[in-house]
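Protein chains in written order, with this note's numbering: chain R, 3 to 352; chain C, 7 to 348.
The reader is advised that the hints may include incorrect statements.
[Unchecked claim] For the chain R half of the interface with chain C, some residues (derived, Cβ under 7 Å), not all of them:
(1) A172
(2) V174
(3) T175
(4) L179
(5) S182
(6) L187
(7) T216
(8) P219
(9) I336
[Claimed, not checked] Listing some non-contacts, in silico: residues in chain R with all C-beta distances to chain C over 10 Å:
(10) V72
(11) I73
(12) L107
(13) A157
(14) T170
(15) T178
(16) Q185
(17) L240
(18) N251
Honestly, the hints are just simulated from the structure, not real lab data.
Just so you know, these numbers come straight off a predicted model, no measurement behind them.
By construction, the Cβ of each residue, glycine as well, lies at the ideal position given by its N, Cα and C atoms.
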Amino acid sequence: MSTRVELTGNRAEPADPRRRVRHRHVVVVAVVALGVLLVGVLWGLSLGSQPIPWSTVLRALFAGDSPDEVIVRVVRMPRVLLATLVGANLAVSGALMQGVTANPLAAPDIMGVNSGAAVVVVAVTTMIPALAGAPSVLLAFVGAAAAGITVMVLAGMGAGRVSPVRLTLAGVTASTLLVSLTQVLVIFRENDAQRVLFWLVGGVNFANWNAVTTVLPWTVLGLAAAMALARAMNLLALGEDMARGLGQNVERTRAVGAAVVIVLSGASVAVAGPIAFVGLIVPHIVRRFVGSSYAVVLPLCVILGAALTVFADIASRFVNPPYEVPSGVVSALIGAPIFIYLARRQKAAL
Amino acid sequence: MTANVAPARPVGTTSTAARNPRVLIGGMAGLAVVASVVSLAIGATPIPMSQVFAALVGDRGSEAANIVLDFQLPRVLLCWLVGIGLAVSGGVMQGVVRNPLAAPDIIGVTKGAGVAGMTLSLLFPTLSAALVPPVAFAGGLVGAGLVYLFAYRRGASPVRLALVGIAVSAVFESVIRFLLTKYPLDVNSSLIWLTGSLFGRSMNSVALAAPWILVLVPIVLILARRLDVLGLGDDMAAGLGEPVERTRRILLLLGVALASACVAVSGTIGFVGLIAPHIARRLVGGRNLTSLLAASVVGVLLMLVADTIGRGIAAPLEIPAGLVTAVIGGPYFLYLLVKLGK
Chain R
3 MSTRVELTGN
13 RAEPADPRRR
23 VRHRHVVVVA
33 VVALGVLLVG
43 VLWGLSLGSQ
53 PIPWSTVLRA
63 LFAGDSPDEV
73 IVRVVRMPRV
83 LLATLVGANL
93 AVSGALMQGV
103 TANPLAAPDI
113 MGVNSGAAVV
123 VVAVTTMIPA
133 LAGAPSVLLA
143 FVGAAAAGIT
153 VMVLAGMGAG
163 RVSPVRLTLA
173 GVTASTLLVS
183 LTQVLVIFRE
193 NDAQRVLFWL
203 VGGVNFANWN
213 AVTTVLPWTV
223 LGLAAAMALA
233 RAMNLLALGE
243 DMARGLGQNV
253 ERTRAVGAAV
263 VIVLSGASVA
273 VAGPIAFVGL
283 IVPHIVRRFV
293 GSSYAVVLPL
303 CVILGAALTV
313 FADIASRFVN
323 PPYEVPSGVV
333 SALIGAPIFI
343 YLARRQKAAL
Chain C
7 MTANVAPARP
17 VGTTSTAARN
27 PRVLIGGMAG
37 LAVVASVVSL
47 AIGATPIPMS
57 QVFAALVGDR
67 GSEAANIVLD
77 FQLPRVLLCW
87 LVGIGLAVSG
97 GVMQGVVRNP
107 LAAPDIIGVT
117 KGAGVAGMTL
127 SLLFPTLSAA
137 LVPPVAFAGG
147 LVGAGLVYLF
157 AYRRGASPVR
167 LALVGIAVSA
177 VFESVIRFLL
187 TKYPLDVNSS
197 LIWLTGSLFG
207 RSMNSVALAA
217 PWILVLVPIV
227 LILARRLDVL
237 GLGDDMAAGL
247 GEPVERTRRI
257 LLLLGVALAS
267 ACVAVSGTIG
277 FVGLIAPHIA
287 RRLVGGRNLT
297 SLLAASVVGV
307 LLMLVADTIG
317 RGIAAPLEIP
327 AGLVTAVIGG
337 PYFLYLLVKL
347 GK
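With the hints as extra help, turn the sequences into a complete structure.
In structure tokens form, the structure reads like this:
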């Protein structure tokens, strides 16, 4: 734990991020993280209104048609899988976003990307019946892109580096606005209100195989693109000028990074609603352990983001049995203290 | 409906009026009265003006008059109380912490009060409703205390307050959502706590909030001069014989109490406390007494517009006033942010 938190784009410490990687350290962290994720997955599969022993769970993964085994495969597996996919998506898009905006407080939920995706999905499916058949993932992409770009422009991103505080305040206000609009739409559809309100908190409570197959291709595509970007993101983290001097097309890296963010977080919102704080905090936790090279940060974000969401989902079932609390509530409870810690580290300036 | 969209209009009035705060505040107050009467007529069942007036002078003879007196009038009165309470609370907080971004909803008071009030009404439904405001006050204090505590680091800088306020509010909002899933209320009362609404409020709510607002607001106005002195800076104020810390604490407590009383009857209505003082300062500037008076009228107009739009735009569906204030206030806040950054 002697590694310092390395905030991406922090120009006060322009050391080459790749040097900070300690390989043995990374392997240990990765193995532990994978172990945690695995425990979470098995636990999530065994947990429910009817507890199913792990042995049955393991058997059910491959075969069997006893009621328990069917429950595991049809109800619980998609839920756990969806949590892993969504968590990985959000964490990786948080890491990319923090790099692209050179801003440690950036994240898809903070910058209004998630609520932008949500409002368009709800708006189109409730207000424009003609488009109701449109794939919600594509709608979410449109909303995510529009909201993200608007917030960046409002916060003054066009004029170069923008203060984390301004970006956060602009993003959170835009989010509030968009969430309010979404809730207005919900009121017009009273029949679904409870369900949509639940979805709006974010969570995987309504998971099914359909949702998994919806998000999976985008996750694979987005994560692959993110990994391919790792080197470019490392250069960008050295500072815009340095990156340019080393021959990087900074604008293109930023644009591609932003596009990947939109694909990853838009797809997550489409299937699980706008889950808060995962995208913000996981990259910071990962950097704290393994330094700031994107080549190791991004893969570990996949694992830890998945683990955090799986455990948040598990916790959401423990808080108030037999009812389920949306896992977005749990992630906010975990995430807010970490956000406060990060905010306290900020140099205070608007 | 046009009369209700009017708070934007004074901005464009002639410079003579803008230079004379009395004319401006009086004009806006007149506008608020007109808007109130119009608001009485708008709702699930539109009511002709003649019957509104008949009801107001005490004619209980018709169905329409009963609607006006039993359903619309309490809401309009609450718009006044809550608008004044939130705006004065926001104005005081911005003055005390010398932070343009301070407001009851930013520094955790609104959501804290919301959680406390909601917990009380869910867990102890048999207790007297008169307990809700003091309990909400305690919740608001806890919220503000937590934000201040976490933001404090050699002084509580404005931006750290805002950032920490966001996080603390997010936690409180999660708790509210958790309570909503644990104790599924009907959708409407859920929305009151979650988003702020005056739906279904009766004269009981008016009676609940009125003493708080009617007592605390005059106290704040009397103390407005000391707020002016604080505005000179701590050293200067202390030099002028002002017990700086004590005054600051008293004023903050008053601000928290005002906002909490509002939350107790209307749920968590956002942005009014934040933007009404800003609009007021732009309109009348000057000393705190003037700008607080102007802010309360702006607050009333904002609440009236928000509640009337929410009630009228999709009748019989009811859009919570808090959502409308967010849709109006959000863009204004973003505009402020862009301007502050320059």
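We went through each hint and held it up to the structure:
1. A172: holds, 6 Å
2. V174: holds, 5 Å
3. T175: holds, 5 Å
4. L179: holds, 3 Å
5. S182: Hint holds; R:S182 Cβ to chain C Cβ min 4 Å, cut 7 Å.
6. L187: violated, 10 Å
7. T216: violated, 25 Å
8. P219: Hint violated; R:P219 Cβ to chain C Cβ min 31 Å, cut 7 Å.
9. I336: violated, 10 Å
10. V72: holds, 27 Å
11. I73: holds, 23 Å
12. L107: violated, 8 Å
13. A157: violated, 8 Å
14. T170: violated, 6 Å
15. T178: violated, 6 Å
16. Q185: violated, 6 Å
17. L240: With a cut-off of 10 Å, R:L240 remains clear of chain C, as the shortest Cβ separation is near 26 Å.
18. N251: R:N251 is indeed farther than 10 Å from all Cβ atoms of chain C, at 28 Å.
Checked against the numbered hints listed earlier, the structure breaks hints 6, 7, 8, 9, 12, 13, 14, 15, 16; every other hint is satisfied.
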